[in-house]
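**Student:** Protein sequence lines correspond, in order, to chains A and B. Going by my numbering, the letters in the first sequence line up with residues 1 to 226, in that order. Going by my numbering, the letters in the second sequence line up with residues 227 to 790, in that order.
Derived from the structure by calculation, the hints contain no laboratory data. Using N, Cα and C, we set each Cβ at its ideal position, and we do this for glycine too. Any given hint might turn out to be false.
To be verified - Once the Cα atoms are required to be at most 25 Å apart in a straight line, the calculated SDA-like pairs of lysine to any residue come out as:
1) B:K293 x A:I179
2) B:K307 x A:D88
3) B:K293 x A:L73
Claimed, not checked - Among chain A residues calculated to face chain B with C-beta under 7 Å, some are:
4) C24
5) R29
6) R56
7) A59
8) A63
9) L67
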Amino acid sequence: MADAGGDAPVVTATELNVAACAACGRIVRLTERCEGAPCPRCSAPLRHRKHNSLSRTWAFLIAASILYVPANLLPIMRTQTLGGAARDDTILSGVFELWTAGSWDLAIIVFVASIVVPLVKIGMLVLLLITSQRGSHWARMGRSRMYRLIEFVGHWSMLDIFVVALMAALVRFQTLADITPRPGSIAFGAVVVLTMLASRRFDPRLIWDAPSQPRQPAPIINTERP
Amino acid sequence: MSEPEPSLRDLPEPSVRQPRRWTVSVIWVVPFIAALAAGILGVRSYLGSGPSVIIDFKTAEGLEAGKTEVRYKDVPIGKVKRTELTEDGQGVRVHVALIRDAEIVAVEDSNFWVVRPRVGLGGVSGLGTLISGAYIGVDRGRSKEERTEFQGLEKPPGVTSDQQGRHFALTTNDLGSLDTGSPIYYRRIAVGRIIDRALDADGKRVTLQLFIDAPYDKFVTTNARFWNASGIDVQVDANGFKLNTQSLATVIAGGLAFQPFPEDQPGAPAAENTQFQLFDDRTAAQAPSESESKRLRLRFYQNTRGLTVGAPVEFQGIEIGRVRSLELDFDRERKEFWTDVALDVYPRSMGRAFDSWQRNTQREPTADTFFRVLVERNLRAQLRTANLITGQLYVALDFDPKAKKMVAPAGQDPLEIPTSRGEFDQIQEQISSIVTKIDSIPFEEIGNNLKNTLKSADELVKKLDGQVVPELQKTVAEAHRTLGAATDALSDDSRLQSDVRGTMDEVGRAARSLRTLADYLQRHPESLLRGRPSGEQELKPSPPASSSTAIDTSVTPPAAPEKP
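Bound-form chain A, shown alone (with noise of 0.2 Å):
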């Protein structure tokens, strides 16, 4: 709460009935009920805050949790070498072959990259969308540093998907060795991807936008009117 009590004389544009085109930078007198309204100048819609964001972001979220569970059941990848019978690998087998095979970093770094961030990926997310919809005033400044933390975390994950994507378009040696995606690739790239979208539609702005005290804002915006 120290965070909070700091902010209290702040104005937003909100308050002010004012927004900045998102497209253009051309600020507009914008009030309640002309949400969306196009911009003067470039006619994109005009919004105080990412539209639907709460909503789109926990779609997003949900496609991506869903998602998450057949992106580590279902093999990512299909090795076929001379002779051997052919083998499918999930992440989790990956990694644990890896980890059996003495390569216990590399092992750390796929299992981080590919299944604890996701992971985390959602569950910040998760812990963002139902603060902000609560308008919790609870670590305001932890969450905004959460969130630039997800959004620049967030395309590392493509990690293993890059390595199938490479692996299968370098190794193609018929009967010698030939390794394939499997549907479990396409699962984990969306999940990658929707958290991608999912934070993207977050709008960080939500976290401060929490009513602190009912009284406060009234009278800054009855202040400003006249």
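Got chain A; can you put chain B on it based on the hints?
**Tutor:** Chain B only, in chain A's frame:
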């Protein structure tokens, strides 16, 4: 704060449009699609995984959890999930996850076995598993009943359920060199194999399960005979030396052969699982079955050395049976040993002769009557030598026109065929009589006489040598000398020659003198009375001339008589 405030009032206001009500819900299509996709993936992966089965093996050699495949017709249909020991620790329990399509193999009568490289005498199999590692082979059963626990086979089954063909059974006294997988040949083409062998419950016979591939299975007819074609069959019998093999593979690995007998009447194809008997060799298989045979008996009062069980019985040179047994017996009346020879004769081997007799006879058309008729027509059995080197004998049934008429006693069973001495015996007798005659010649006496004669001859020769020869030598020397003298005398420069020539000259001269005298007398006959006048000097008295030397006479005389 003061800066933006005036501008805030000047800020333009966007024209408001009616917000679309439904825009909010559009985004929920995304999780819906995600759920759908996840659902599809899940369903697909669920559909892809088939039943899980448990197979018990004796050993998990070559089986690796997560790697070893289960293959049906070489198509991977599952994978070994894990292996564990069975509760009693006697075997290995292998958990296999099959793919969805493979649930058809999880039925009651399916068989599972581990395919490993196998090198046998009959061939090499499973070489591919050297690289890929072992896999579990499946033979899909035909049953509809599902089953999830199986007892794995240690060896691949001899025949898989989808192979076309028929099963048959064979009984034999011993397995010989045959074994599971041994090929079966029909006219030396491999048409099937032994798929199983088992000792009968009583342990007395061995039953072999055969599988004959389609379309060859139709050649297994009701009268097919199977025989062991393993190895090299070397036979030395009355027919000489015989060597028989099927193929090189059977020499090493063993095998069976079959053929319908008689060949021109193959009969109807045998039903599945028909039981046949396995014969030791082709000849045995070819022999008509025992039910068709007719037992005959022979009584030989002679040495039967060289006659063996199995020796052929020939009728007019055609083999119609075999010697079944030989037994020595004693005849109290004749005080002689005799050999009781039992024969198995197949009247069918006599072909049309027997058939036509059967059709035309007024008597009972049985083989027994047939042989009785033949005996009445002087059929006699003889022992004959088949092979002079091995000394094998065979029984010849032939008509003997010189034999005494005989009628076989009625009701005799087995029928006894009267015997006669064989040709060889007759020859032996003749030779022995010759030998006896030779034996009676007094060789010793002749020898003594000859010795005496030789002794006197020797003396004579000695005498000749001691007395006559020296004389003869002397005579010869004399004769030689005489001849030498004669040669000397007759040579050109010998005295005799010159003497004779001188004498001859003298004689010539004398003759000439005589002629002169004669001439003179002719002209002067008076001179005989008066003598010669004194003036005439020419004429000279010749008689004393003979004593004068040759030289003298030859030089001087001719001048005097010639002058006138």
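**Student:** Now look at each hint and say whether the structure bears it out.
**Tutor:** These are the hints, each one checked on the structure:
1. B:K293 x A:I179: Holds - the C-alpha atoms of I179 (chain A) and K293 (chain B) are around 16 Å apart, at most 25 Å.
2. B:K307 x A:D88: 13 Å, holds
3. B:K293 x A:L73: Roughly 19 Å separates the two Cα atoms, so the pair holds.
4. C24: Result: violated, 13 Å to nearest chain B Cβ.
5. R29: 4 Å, holds
6. R56: 4 Å, holds
7. A59: A59 (chain A) check passes; min Cβ-Cβ to chain B is 4 Å, inside 7 Å.
8. A63: 3 Å, holds
9. L67: 5 Å, holds
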